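S.K.: Sequence:
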Amino acid sequence: MFWCLDMAVLGINDSHDSGGAIAADGRILGAVNEERFTRRKNEVGFPANSIKYLDKEHGRDIEAVALGWIGGNALVSRIFPGYDMRRRMLWRHELPKPSRLRMHLSNLVYKASQNQNPKAVWKAIGGSISESVTRRRLAGIKKSLSDKRVYMVEHHLAHAASAYYPSGFSKALIITLTGQGTGSAAVYRSETKAA
Numbered sequence: 001m002f003w004c005l006d007m008a009v010l011g012i013n014d015s016h017d018s019g020g021a022i023a024a025d026g027r028i029l030g031a032v033n034e035e036r037f038t039r040r041k042n043e044v045g046f047p048a049n050s051i052k053y054l055d056k057e058h059g060r061d062i063e064a065v066a067l068g069w070i071g072g073n074a075l076v077s078r079i080f081p082g083y084d085m086r087r088r089m090l091w092r093h094e095l096p097k098p099s100r101l102r103m104h105l106s107n108l109v110y111k112a113s114q115n116q117n118p119k120a121v122w123k124a125i126g127g128s129i130s131e132s133v134t135r136r137r138l139a140g141i142k143k144s145l146s147d148k149r150v151y152m153v154e155h156h157l158a159h160a161a162s163a164y165y166p167s168g169f170s171k172a173l174i175i176t177l178t179g180q181g182t183g184s185a186a187v188y189r190s191e192t193k194a195a
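Taking full-length UniProt numbering, I'd label the letters of the sequence shown as residues 1 to 195.
Derived from the structure by calculation, the hints contain no laboratory data. All values reported here derive from a predicted model rather than from experimental measurement. Mixed in with the good hints, there may be bad ones.
[What the hints assert, rightly or not] Label pairs and their calculated CB-CB ranges:
#, residue 1, residue 2, range
1, Ile129, Thr178, 31 to 37 Å
2, Glu191, Asp25, 17 to 23 Å
3, Leu90, Arg27, 38 to 44 Å
4, Arg27, Met103, 31 to 37 Å
5, Ile141, Ala172, 32 to 38 Å
6, Arg27, Ser170, 15 to 21 Å
7, Glu154, Leu29, 19 to 25 Å
8, Gly59, Pro96, 27 to 33 Å
Glycine included, each C-beta is placed from N, C-alpha and C at the ideal position.
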């Protein structure tokens, strides 16, 4: 099921708490959050500094890139990089409160991005747009990274895998629940065969 266990993969999270990790042969070689470089807690957006650092410190031949897939809001944020950051700054009262009309229009965009129906359409459109945007950003860091295969990994599946694989359990029931109010959750049952 997990193709990444036997190759060198650069994992990217470009949502809240953005950062990157490099894993190879089922082991994490390095991981870092973008906030370490920007000095902004819970940094949002594409983790260019993290990727540069990981490439320099763990200079293996990266075979693939895995991008966490959250859905609508992440898609809007990838197309308009400042969208999610501005929303968070408003929540923290770091920006003056916008007019009612502007707030209403912003909420419409946010709600439309969260109501991902039909899901198959959102996944098809969002996946290809996200991959394209990610390739462009990777090319800006290092040209050879933009040529790698990009895998879209569903957000909850990524959380479930990060809990299951290092756990040591051969069987597990993993439950995930979003903390951002998107209303999504998942339950996974996983089992590995004995070696």
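S.K.: Using the Cβ atoms, figure out if Glu191 sits within 17 to 23 Å of Asp25.
M.R.: 22 Å, holds
S.K.: Take the C-beta atom of Arg27 and the C-beta atom of Met103, compute their distance, and say whether it sits inside 31 to 37 Å.
M.R.: 46 Å, violated
S.K.: With 32 to 38 Å as the target window, see if Ile141 and Ala172 comply at their CB atoms.
M.R.: Given range 32 to 38 Å: holds, Cβ gap about 36 Å.
S.K.: Is the gap between the beta carbons of Ile129 and Thr178 within 31 to 37 Å?
M.R.: 21 Å, violated
S.K.: Given the range 19 to 25 Å, decide if the beta-carbon distance of Glu154 to Leu29 lies inside it.
M.R.: 23 Å, holds
S.K.: Falls inside 15 to 21 Å, the C-beta gap from Arg27 to Ser170?
M.R.: At roughly 19 Å between Cβ atoms, Ser170 and Arg27 fall inside 15 to 21 Å, so the hint holds.
S.K.: At the C-beta level, are Gly59 and Pro96 separated by a distance inside 27 to 33 Å?
M.R.: 45 Å Cβ-Cβ, so the 27 to 33 Å window is violated.
S.K.: Kindly confirm whether 38 to 44 Å is satisfied by the beta carbon distance between Leu90 and Arg27.
M.R.: 40 Å, holds
The structure does not agree with the numbered hints 1, 4, 8 stated previously, though it agrees with the rest.
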